[in-house]
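Colleague: The lines below spell out each chain.
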Amino acid sequence: MIEVRELRREFKVATSKGLRRNYKTVTAVDGVTFDVAAGEAVGYVGPNGAGKSTTIKMLTGILVPTSGHITVGGVDPSKQRRDLAKRIGVVFGQRSQLWWDLPLQDSFDLLKSIYRVSAEDYRKRLEECVELLGLREFLSTPVRQLSLGQRMRGEITAALLHAPELLVLDEPTIGLDLESKERLREFLADINTRRGTTLLLTTHDLDDIERLCPRLMVIDHGRVLADGPLEELRAEVTPDRELVIDLREPGPAPDVPGVTAVRSEANGLRHHLTFRRAETTAAQLITQVVRQVEVHDLAVVEPEIDDVIRKLYQRQLDQDVRR
Amino acid sequence: MADVIYPRLIGARLRSQMSYRASFALDLVTQVLAQWIELVVILVLFGHVSALGGFTRDEVLLMYAFAGIAFGIADLFAGQLDNLPTYIRTGTFDVLLMRPLGTLPQIMVSDVRLRRVGRIVGAIAVMVYALTHVGVAWTPAKVALTIVTPLAGAVIFGAIWVVTCSVCFWIVEGREFANAFTYGSNTFTSYPVNVYSAPLRWVMAFIVPGAFVAYYPSLALLGKQDPLGLPGWVGWASPLVAALAAAVAGFAWRFAVRHYRGTGS
Chain H
18 MIEVRELRRE FKVATSKGLR RNYKTVTAVD GVTFDVAAGE AVGYVGPNGA
68 GKSTTIKMLT GILVPTSGHI TVGGVDPSKQ RRDLAKRIGV VFGQRSQLWW
118 DLPLQDSFDL LKSIYRVSAE DYRKRLEECV ELLGLREFLS TPVRQLSLGQ
168 RMRGEITAAL LHAPELLVLD EPTIGLDLES KERLREFLAD INTRRGTTLL
218 LTTHDLDDIE RLCPRLMVID HGRVLADGPL EELRAEVTPD RELVIDLREP
268 GPAPDVPGVT AVRSEANGLR HHLTFRRAET TAAQLITQVV RQVEVHDLAV
318 VEPEIDDVIR KLYQRQLDQD VRR
Chain S
11 MADVIYPRLI GARLRSQMSY RASFALDLVT QVLAQWIELV VILVLFGHVS
61 ALGGFTRDEV LLMYAFAGIA FGIADLFAGQ LDNLPTYIRT GTFDVLLMRP
111 LGTLPQIMVS DVRLRRVGRI VGAIAVMVYA LTHVGVAWTP AKVALTIVTP
161 LAGAVIFGAI WVVTCSVCFW IVEGREFANA FTYGSNTFTS YPVNVYSAPL
211 RWVMAFIVPG AFVAYYPSLA LLGKQDPLGL PGWVGWASPL VAALAAAVAG
261 FAWRFAVRHY RGTGS
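Chains H and S, in that order, give the protein sequences.
If you're matching positions, the first sequence starts at 18 in my numbering and goes up one per residue.
If you're matching positions, the second sequence starts at 11 in my numbering and goes up one per residue.
Okay, chain H solo, but in the shape it has when bound:
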């Protein structure tokens, strides 16, 4: 679906020093290479200014790469922008493609004309989105009066009316409340699995990734730091897991082989036992623990995805220093 090879993008940034204007070249995307197969759901994450939006703009044909090669659905985005536009859907969380002063329904009708969707397809697709996203009650409300969550559901519907093969979402859940986020995620997961629509999304909300994207790409300073299944990245970067036990009576932490660190809380009522996933399993550990102490409750905690990404950055920094 997407093929990116050695993609580079530079910007000239004006730096004013007194009256003289100098230009400095900033590399926003620096040799990015990846493939996305049809039907995949890929999370594209990184801090602000890492090059995410620039990559997306090049994939959608808005920006032309400085060098490198892109094909999206067999088409070169920078040369065949309009052909590509018919086949992909794009949602920017921060900007709207709806008609601000018109009822939501009117925006959909206009997009139907713009993308030349047949009346029958249009009715079927719109009905599906209206049903799954619960748009019915505000279809006749002007877009400017919609809440952010409602508008976002409208934006996603707008991007799907022409049944794109690829849906690109730039921060789709930004600013939404928990319930709206959950509803969107559920819907996106559904169109990905059921309709086979390829998803590429950038986000700051790592729950989006956890819920939606089996594959994660981490970018920083214009370079891909890691690319793979979330689980693999987690295992590779943060080999530690944690077993949290709540005791019936306060007491010292049980002494169990395989535990590398212990942290106690609440006067010895709760203990965090860190262990290496490669060396011991949670099950082995639990068997040993319940032999020694009376356990009220326990939980196995995976490292937060934020930690995973932080460690990836750290690893990259270390490599840079060594070089």
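Calculated from the structure, these hints are not laboratory results.
Just so you know, nobody snuck in bad clues.
The calculated label-pair distances, taken between Cβ atoms and stated as ranges, are:
hint, chain 1, residue 1, chain 2, residue 2, range
1, S, V213, H, E182, 47 to 53 Å
2, S, F216, H, E182, 50 to 56 Å
3, S, E186, H, E199, 45 to 51 Å
4, H, G91, S, R25, 34 to 40 Å
5, S, L36, H, T88, 50 to 56 Å
6, S, R25, H, E137, 23 to 29 Å
7, S, V131, H, L156, 35 to 41 Å
8, H, R140, S, R25, 17 to 23 Å
9, S, V131, H, T88, 50 to 56 Å
10, H, L156, S, E186, 41 to 47 Å
11, H, S84, S, Y30, 46 to 52 Å
12, S, I217, H, G213, 55 to 61 Å
13, H, T50, S, L124, 50 to 56 Å
14, H, G91, S, G242, 57 to 63 Å
To give a feel for the contact side, a few chain S residues facing chain H, derived at Cβ under 7 Å:
hint, residue
15, A22
16, G101
17, V105
18, M108
Sample of chain H residues lacking proximity to chain S, with all beta carbon distances greater than 10 Å (derived):
hint, residue
19, T44
20, R140
21, R153
22, D272
23, P274
24, H289
25, R294
No residue lacks a Cβ here, since even glycine has one placed at the ideal position from N, Cα and C.
We have chain H; now place chain S onto it with these hints.
Modeller: Just chain S now, kept in the frame of chain H:
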């Protein structure tokens, strides 16, 4: 199919405006007043002189009317290019680039303001008055010329708008520069070009082909000699000039958008 899309987009825009009724009505009145004020300037002028550059009051009114109609039509479609800096800054332009349509037509239909029709109607009234008072020796060709002139003029104005607004892709706040040519050339074309000093005349009449909006077609219609010495057929050349201007504008726009996609500022 494509021909269906743009009327629908315009219709959508008009419905949007109707959702703010009070401001729509106020705008309409403002536009009519604006057009009248320019008229008053000409009338006051001719209260003091009997001819301007060898042209009578009614002859100047004819030029003013041609320019007014042409500008009104151009403003209706190209006027929203004034919003281009905002589109670029807020990323709306990127949304236009994501659609399977050309960017220029999308902008042109994005904000068609019906209130601007007030201007056109006012100018048509002046044209009717002027034509009945200047004594044209009517022929079928001259009738055609009368109809084609404001349309060709609208294309010329539109082209000026597109070319000068393309500058906004380099200098985002380049609007003042653009306005000098768009609104400036409206004022310029409302008067006989021979009243201006030579350098201004050359730039505004031929490089920016403003003299072909009203001045030369009016000469042909009135059967007058050009005081500047150009042959009579020039008065019939406006459609050709308009086509040329449109081609230049199309080229300039494409070049500007290519620059934008290359820099993404």
